[in-house]
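Residue numbers for the sequence shown follow my numbering, beginning at 1 and rising by one.
The hints are simulated quantities; they were obtained by calculation from the structure and are not laboratory data. Fair warning: there could be bad hints in the mix.
[Unchecked claim] Computed cross-link-like contacts, EDC-like style, restricted to lysine to aspartate or glutamate with a CA-CA straight-line distance of at most 20 Å:
1) 10 with 33
2) 42 with 2
3) 10 with 28
[Unchecked claim] Computed beta-carbon distance windows for the label pairs:
4) 23 with 3: 25 to 33 Å
5) 2 with 22: 18 to 26 Å
6) 22 with 1: 30 to 38 Å
7) 33 with 1: 24 to 32 Å
8) 13 with 40: 15 to 23 Å
9) 23 with 1: 15 to 23 Å
10) 3 with 31: 27 to 35 Å
11) 31 with 4: 14 to 22 Å
12) 13 with 39: 33 to 41 Å
13) 7 with 28: 15 to 23 Å
14) 17 with 38: 27 to 35 Å
15) 9 with 29: 26 to 34 Å
16) 20 with 40: 26 to 34 Å
17) 20 with 42: 24 to 32 Å
Even for Gly, the Cβ is constructed at its ideal location relative to N, Cα and C.
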Amino acid sequence: MDQILHVAYKVFPDSAAAKGEQAPAEAERANVEQIAIANIMKGVHW
């Protein structure tokens with residue numbers, strides 16, 4: 001389980017707000033890997 005959570009952690013980078021930057025004009029979009037992890041691990045964290 002720890003390995004799966006580690007992969008999920010690496011797949012989702014920090015947002016612009018977390019980095020202390022202003023968000024770009026267009027919203028950040030999820031890529032295929034992010035969508036797959038979110039579908040596999042449904043819950044309050046995603």
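Cross-check of the supplied hints:
no. : hint                   : in the structure
1   : 10 with 33             : holds (10 Å)
2   : 42 with 2              : holds (16 Å)
3   : 10 with 28             : holds (16 Å)
4   : 23 with 3: 25 to 33 Å  : holds (31 Å)
5   : 2 with 22: 18 to 26 Å  : violated (34 Å)
6   : 22 with 1: 30 to 38 Å  : holds (36 Å)
7   : 33 with 1: 24 to 32 Å  : violated (19 Å)
8   : 13 with 40: 15 to 23 Å : holds (18 Å)
9   : 23 with 1: 15 to 23 Å  : violated (32 Å)
10  : 3 with 31: 27 to 35 Å  : violated (20 Å)
11  : 31 with 4: 14 to 22 Å  : holds (18 Å)
12  : 13 with 39: 33 to 41 Å : violated (19 Å)
13  : 7 with 28: 15 to 23 Å  : holds (19 Å)
14  : 17 with 38: 27 to 35 Å : violated (19 Å)
15  : 9 with 29: 26 to 34 Å  : violated (19 Å)
16  : 20 with 40: 26 to 34 Å : holds (31 Å)
17  : 20 with 42: 24 to 32 Å : holds (30 Å)
Comparing the model with each numbered hint stated earlier shows that hints 5, 7, 9, 10, 12, 14, 15 do not hold.
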